[in-house]
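One-letter residues, chain by chain:
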Amino acid sequence: MLDVQNIAKTFNAGTVNEKCALDNLSLHLNAGEFCTVIGGNGAGKSTLLNAVAGVWPVDRGSIFIDGLDVTHLPEYKRAKYIGRVFQDPMTGTAASMQIEENLALAMRRGKKRTLRRGITKAEREVYYEKLKTLGLGLESRMTAKVGLLSGGQRQALTLLMASLQQPKLLLLDEHTAALDPATAAKVLELSDRIVQENQLTCLMITHNMSDAIRHGNRLIMMNNGRIILDISGEEKRHLTKSELLEKFAEVAGVQEETDSVLLS
Amino acid sequence: MDFLLTFLRATPGSIGQGLIWGIMAIGVYITYRVLDIADLTVDGSLCTGGALCVLLIVNGVNPWVALICAFLVGMLAGLITGLLHTACGIPAILSGILTQLALYSVNLRIMGWGTDAGTQATLPVSVDKFPLVVSSRFVRELGVKNPILMLLILTVIVIGVLYWFFGTEVGCSIRATGANQNMARAQGINTNVNKVVGLMVSNGLVALAGGLLAQYQGSATIDMGRGAIVIGLAAVIIGEVVFSKVFRNFALLLLSCTFGAIIYYFVIQFVLRLGLSTTDLKLLTAVVVAIFLAVPYLKGRYFSKSSKARASRHA
Ligand SMILES: Nc1ncnc2c1ncn2[C@@H]1O[C@H](COP(=O)(O)OP(=O)(O)O)[C@@H](O)[C@H]1O
Ligand SMILES: [Mg+2]
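Those protein sequences? They're chains H and C, same order as listed. Residue numbers are given in our numbering: position 236 of the first sequence equals residue 236, and the series is strictly consecutive. Residue numbers are given in our numbering: position 1 of the second sequence equals residue 1, and the series is strictly consecutive.
If we strip away everything but chain C, and leave its shape as in the complex, we get:
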């Protein structure tokens, strides 16, 4: 009974975290599923968004404006990864890793802006002093201050805008780029530009989620983005496994990322209550994501004997 009660008490927190990471996961969905690129920039750009957002707020900038700046700086990070990949011919994975590594130094500089040392690993922001957009402080309160309400509205806006965008001529050509590059080029689509645009939108969203997360937890920290890509993938995959049978529309596919992230945080809460230490979570997440990524491959390899036979006949 006790167990259940503490679990229930943690529910609003899981939903709040899940909604923020849901926006992040939607960013991951755009690269991983729409563009078919595994982009590791996000581990860095999440923190960049958080760090810049907090820095601006503590220097008196409106928290909403700070969030927009976080989005823009994320797009800049995506632009750099995109150019490394398309203009310089570096494989996408490596381009992302390079940007991510570079951002580690940049993030320390952002958080240390104006201090004597010039670099700093955390930057706090208090909801008592600044009118933050979201704060975990009020997650169990009823009313407009409750961050869940604000996050729900933001999620709907993000999904709505993306649904519109990927239905435009440009958006459709980005989807075609991810679906079949040869076909896209044969239809006159500049696949390089599209990849860059997709990476920019994706990292913009990830950095926006970083800005929200920093406000929510009251600080930006240098390791807030560590393993973000895996958490994002976990949310995308959980969402697909649970909802792929019912959700087909693009907007609903994006929504399933949000649901996936919320489910992820429920599971995390659950295993924490079971007595797992927070430091073990990354191991758990990595194992779960590895299993889910491996299952389709193993299924195809060991369970569909007929397709195997057909393949060997063609060879």
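This is chain H alone, in the form it adopts within the complex:
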């Protein structure tokens, strides 16, 4: 479903702030794979998702979604295939617009926008039912401005928006990091449900190892713009936190060695 081939991205090339955030990275996701992504701060996790989403062009390499080469498509065109939820709850929704207007915008993702009504009566009924499944009572506040919602409510709404038009790929970038633990757990559970119900292919970044282990059917770990660990199938199912830490120490240790060899 997703095929990332040898992509590279360097920020501020040629300056003192030069930062190689993606280093010849390749990743292949099969349809229906739900892959969690972990790694330290600055490992390049967000950069990977932004590269796939097309926030800026990559320096090298190609990106395919469902066999289609999207490497040179601008962000708004790739959006046809991609649903996204961001770390900051403010990013995924338009605060000054109503709940139903936000949903209507998401309903038209990947469709041509014309001079027809921006939201129709029939749609409202669909949104009412969909909002009800969130169990947050939002269905009774459909004309409320999204800016009035809490962070958790906004993330839940953004998840719903991302799945309204079935995406080929769902990108979640630490979308529970800004929430309190109880709300985060609820939003994670909702993410699980939406991925399952729609059989989505999903990349989910999290800073929480246990969440990365508990959710999804594949796990990758990133460091210095590279994937240093890739666990799936049976192994992923039985993975424990201590095992993961061990593996991390192993890979990171090897890396430090090669680094020191290179430096000397």
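Rather than coming from a laboratory, the hints here were simulated on the basis of the structure. Hints should not be assumed to be uniformly reliable.
[Said to hold, decoys possible] The calculated label-pair distances, taken between Cβ atoms and stated as ranges, are: (1) G42(H) / I68(C): 33 to 41 Å; (2) I68(C) / H72(H): 55 to 63 Å; (3) E18(H) / L72(C): 44 to 52 Å; (4) D180(H) / R273(C): 54 to 62 Å; (5) Y302(C) / N30(H): 50 to 58 Å; (6) K121(H) / R301(C): 42 to 50 Å; (7) S242(H) / N249(C): 42 to 50 Å.
Values in this document were obtained by computation on a predicted structure and should not be read as measured data. The beta carbon of each residue, even a glycine, is placed where N, CA and C say it ideally should be.
Since the structure of chain H is provided, determine the placement of chain C with the ligands on it from the hints.
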């Protein structure tokens, strides 16, 4: 008593001016509030609309057709600013200033069309010779010639069309572009195209207001648009301060721009009667707008201690 009488005598004039500037202010609202862009093109495009409108009328074109042409030339100005901003990556403010500056020369050329010099700073049009759509001459007369009636109808049409437009799929995506660009792009919206379209609609309205203003006062002049952005902002802000508690619907928000412009001209009349000179008005307007723009910021900074404490805890 005398004071009150002269003030009352000036009332129809204030309403007429206010209605014309209200249409201009609605244009400013579209960029400043809907798109979240401060567009300085308007100082130039207002005059372009006025100049082209008068030029066409004195050359025998129907005043209504001339107004439509004014609208179109305003859209062209907005298109140029939009392309400078989106296709060339120039900051929005600077793009507007560049177009505005360029339009100064263009406006002199338009008004000097067909003259020996080729440029000209004023272009008169007499209501005695041409069937103008609006003229301040009849502002105190009762009947169909009264410009207030015509301006009211035009205002209703403008608000009606915009209300419809911003309720369409395209209109909603323009609002989303102004509200949150990241979200808009993630929903497959071409934010660059939308910004250009918004700037075109906005400047079209501003130039239309310029065409009306030139007919109303009987001439186009090179400085008719000077400080227009500030007057437009004043109208938008006054409208919001006075009506934000009652008006929520989009059409009513646009209407509050018109009311804001009318209130603005009442205040201007008032301070003029108090003895202020017309040349001091720009200073007064700038000070008032600066205060209104600063108040929300200062309020947030010095009066909400709790939000400050919260912010520092997060840092
Ligand atoms: N737009 C940008 N401009 C400059 N540097 C960036 C940008 N985005 C990310 N970086 C840098 O790239 C590296 C990887 O960042 P990121 O992908 O956000 O890490 P994380 O794994 O924590 O999400 C960091 O060093 C970061 O500072
Ligand atoms: Mg990140």
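#### Entry: Assessment of proposed distance window 44 to 52 Å (beta carbons of E18(H), L72(C))
The hinted range 44 to 52 Å holds for E18(H) and L72(C), with Cβ atoms some 49 Å apart.
### Task
Please test the hint of 55 to 63 Å on the beta carbon pair from I68(C) and H72(H).
41 Å, violated
### Query
Lying within 54 to 62 Å: is that true of the beta-carbon distance D180(H) to R273(C)?
Roughly 59 Å apart at Cβ, these two residues keep to the hinted range, so it holds.
### Task
State, for the Cβ atoms of S242(H) and N249(C), whether the hinted interval 42 to 50 Å holds or is violated.
59 Å, violated
### Message
Can you tell me whether the CB distance of Y302(C) to N30(H) sits inside 50 to 58 Å?
### Response
57 Å, holds
#### Entry: Assessment of proposed distance window 33 to 41 Å (beta carbons of G42(H), I68(C))
57 Å, violated
### Query
Do the beta carbons of K121(H) and R301(C) sit within 42 to 50 Å of each other?
44 Å, holds
The structure fails hints 1, 2 and 7 (numbered hints given earlier, in ascending order).
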